[in-house]
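Position chain B relative to chain A; hints supplied.
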Amino acid sequence: MSTYQELKGLKIKYLSSDTSGDRAIEGEVFYNSASGKVASHIATGAWSAGAPMFTGRNDLAGFGTQTATACFGGVDATAVSNDTEEYNGSGWSAGEDMPSAIYEHAGTGTLTAGLSVGGTLPGGITNVTNEYDGTDWAAGGTYPAATIRLQACGTQTAALAAGGGRPTISAVVCEYNGSAWTANPSPSGDLPAAIQYHRMTGILTSAVSFGGGPSGPVTGATATYNGTAWTAQTATLNDTRSRLGGAGETDSSAVAFGGFAPNGTVNTELWDGSSWTEVANMGTARYALAGTGTKSSALGSGGYTSGRLSATEEFNLSINTITAGAWSSGGNMNTARGYIAGFGVQTSAVAAGGYNGTARVSNVEEYNGSAWSNATALPGAYAYGGGAGTEPAGLHWGGTNPGGAVNTTFEYDGSSWTSGGNLSEAKYNTGSAGTQTAALAAGGVPPDNTPPYTNDTEEYDGSSWTAGGDMNTHSQAMGGAGTQTAGVMFGRGAIPSDDDKNIEEYNGSSWTTSPAKMQVCEEFSASSQNAPSSDSIIFGDSSTIVSTEQWNGTVCVTAPNLAAARNKAGGAGTGSSGLAFGGLTPGAINTTEEFAAGSSALGTAKTIDFD
Amino acid sequence: MALFLYGVAANTGKGFFTAEDRRNFFLRGYTGHDGSNYVDVWAIGANERGACWLADRNAIKKTESEAQALVKASDDLARTAWDNDNVSGESADEKIARIGAKPGFITIV
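For the record, the sequence lines run as chains A and B.
Going by our numbering, the first residue of the first sequence is number 74, and it counts up by one from there.
Going by our numbering, the first residue of the second sequence is number 24, and it counts up by one from there.
Here chain B stands alone, though its shape is the one from the complex:
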């Protein structure tokens, strides 16, 4: 049995996941991009409560590779934005001091 389930569901805020949920199953969220919009990507522990949580939130189920692709698309956008965020005459160190290091790629779970 796979360790994790994957899905896309918008974090609606208070109550979207509770402390009890956190105790009942593994939950980790990532920012993804579906080509049009940023989306919330979730990796959930593959137990009954985790599966029910995904279903209750009308999540669009994803495979691990599909979920990873969504997160990578978001990373690509961030890296491109970083490349394009320049100030005339600014050194590399100054740029890092101003906006931080260039974002890397996130590997889900």
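The shape of chain A in the complex, shown without the other chains:
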């Protein structure tokens, strides 16, 4: 008897539009009655830019996933490095330094349980193994021989390492059990051929080695390991190369990217266990980079192409379209200036007062998301003032006028300024957060300009200022974010000091110094006032630094760079929708940049034609 399936075929979903949200399943065929087409969401590979590393370097190693990676060692512009940097999917933060500077080593494992093996120390080729727990490095079991340019895969307690130079190029395979290495373990035996500068991904019982160069010409050779034996595959990389990046989970699932072929390449290829298929290119050609993650979610970091690279790129094999965060140009202000009091959101922001390079100004401008328009000026020319609130309910306090520091407060209703209660003392460059009726003014410079400045906090209730808890650090020119009861101040302790990168958090009565530090920025890093303190972006540190950072409530990580450095810029918005305007370079500028956080959205379903 025939079945329904044999008579009618398989059922598919009948929908009025493409699938969306959690109904979208890769490869599932459905009928779209609106278009009259049968369609399916097909995963495609694509690279997107991530926040750059602090330090450009090549011949570094890494371990972890796309959203939890550590990269360590390598060669930077001046020397061999022992730096560790950690990536959380958004940006980089500093990790614990390695015990020694090292390069051409191998890494495998996870951010909280990783391995570094072999490489070159300043004293020469090494057999050292180091283990990372996400906080500290510790010595592991010694590798059977001092080896460079080897590769490793697997976990901290079940790892595989192979190839490299001793300095003679080697095919030897070694296994690690979390405390000791075993060379030539049974039954795996050696790699099919001696190799170095290759890439190996997978786990202890299922791995693939690809690319590399025994010496001279590079190769696309591919060898797989099934837990029992290594097999040289007839399929080779389409783009033969060495010193490449790669990621993967098993002997039939890997991605190869970048490499030397013979110059830096952008090519990316996917391995399915039997063949390599070219997919989307990287944005930046490079070799000697770190590769971490998986076939469908990989990370390429650093490397070399005519210079050492800090660039980070994320690879995603997905039915979703991943869009990286980026700064773009906004409308230009009518009056160029720095030391601006800024507040509001990206599509409704206010720039009040400032310094145009020669004098303080009273100009106020409003931004609507695309253009600035002149608004009612402050009652006087003020620069270095504090600002908080929104466009229809804003606040400006303190700062300096031609006579020096002031204690005045002005409230803005979207069309005019009125006097509010005075600060307890005149001051400028305070850190700012909060709203018109619940503002926070932290630290600042008193009229005598004398370090260590002040650590006073004042709270505004809509009519008067009262004393709050003292900051732990005497600070000025901080970026501020959050609210009166959940505020955060970034950077700039008293000069000279080593507190420039401090972060302090306020709970409405007292300040706590965060164990986290800012990564690059130090001062006047305008950020997101009146936004949740865990959603802030910090920028505008100097006329030479384009770095920006994001605060997630726990740690500051690097974020996409501004297009142009700007010092003492105004800021508004949030961490995911920020606004930077004006500043000094060192002359006053009028340009604006808008930050849009990265996003992920379902791609268009592919239609299936039967013609």
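Hints may be right or wrong, so weigh each one.
[What the hints assert, rightly or not] Derived DSS-like pairs (lysine-lysine); straight-line CA-CA distance at most 27 Å:
1. LYS679(A) x LYS110(A)
2. LYS84(B) x LYS95(B)
3. LYS574(A) x LYS125(B)
4. LYS85(B) x LYS95(B)
5. LYS95(B) x LYS118(B)
6. LYS574(A) x LYS118(B)
Keep in mind that the hints were calculated from the coordinates and are not lab data.
Note that this is a predicted model, so its numbers are computed, not measured.
Only chain B this time, still in chain A's reference frame:
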């Protein structure tokens, strides 16, 4: 092939460079001075999209040394202005507190 292209084009504001541009090629801006006016100097990643972006903005192409010279001219003006910005009786520390440290020289990319 050179890593960067250089050009001078006035930043006209919204849409001058987009988030998509930032994803497609390296872009970094500097303030320069051409002897008469301040100008916007751009270093662009030397790929097809970067080159098209420069062309679409009618940028005046520059060599690296020409671009660096424009930025240095701006730096020179800022440093001179800093030297000349004095208040009677003010100490060096007070001057730095008032207007910041003396500007340095910016090296492009």
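Each hint tested on the structure:
no.	hint	in the structure
1	LYS679(A) x LYS110(A)	holds (9 Å)
2	LYS84(B) x LYS95(B)	holds (17 Å)
3	LYS574(A) x LYS125(B)	holds (21 Å)
4	LYS85(B) x LYS95(B)	holds (14 Å)
5	LYS95(B) x LYS118(B)	holds (23 Å)
6	LYS574(A) x LYS118(B)	holds (23 Å)
In summary, the structure agrees with every hint in the numbered list given earlier.
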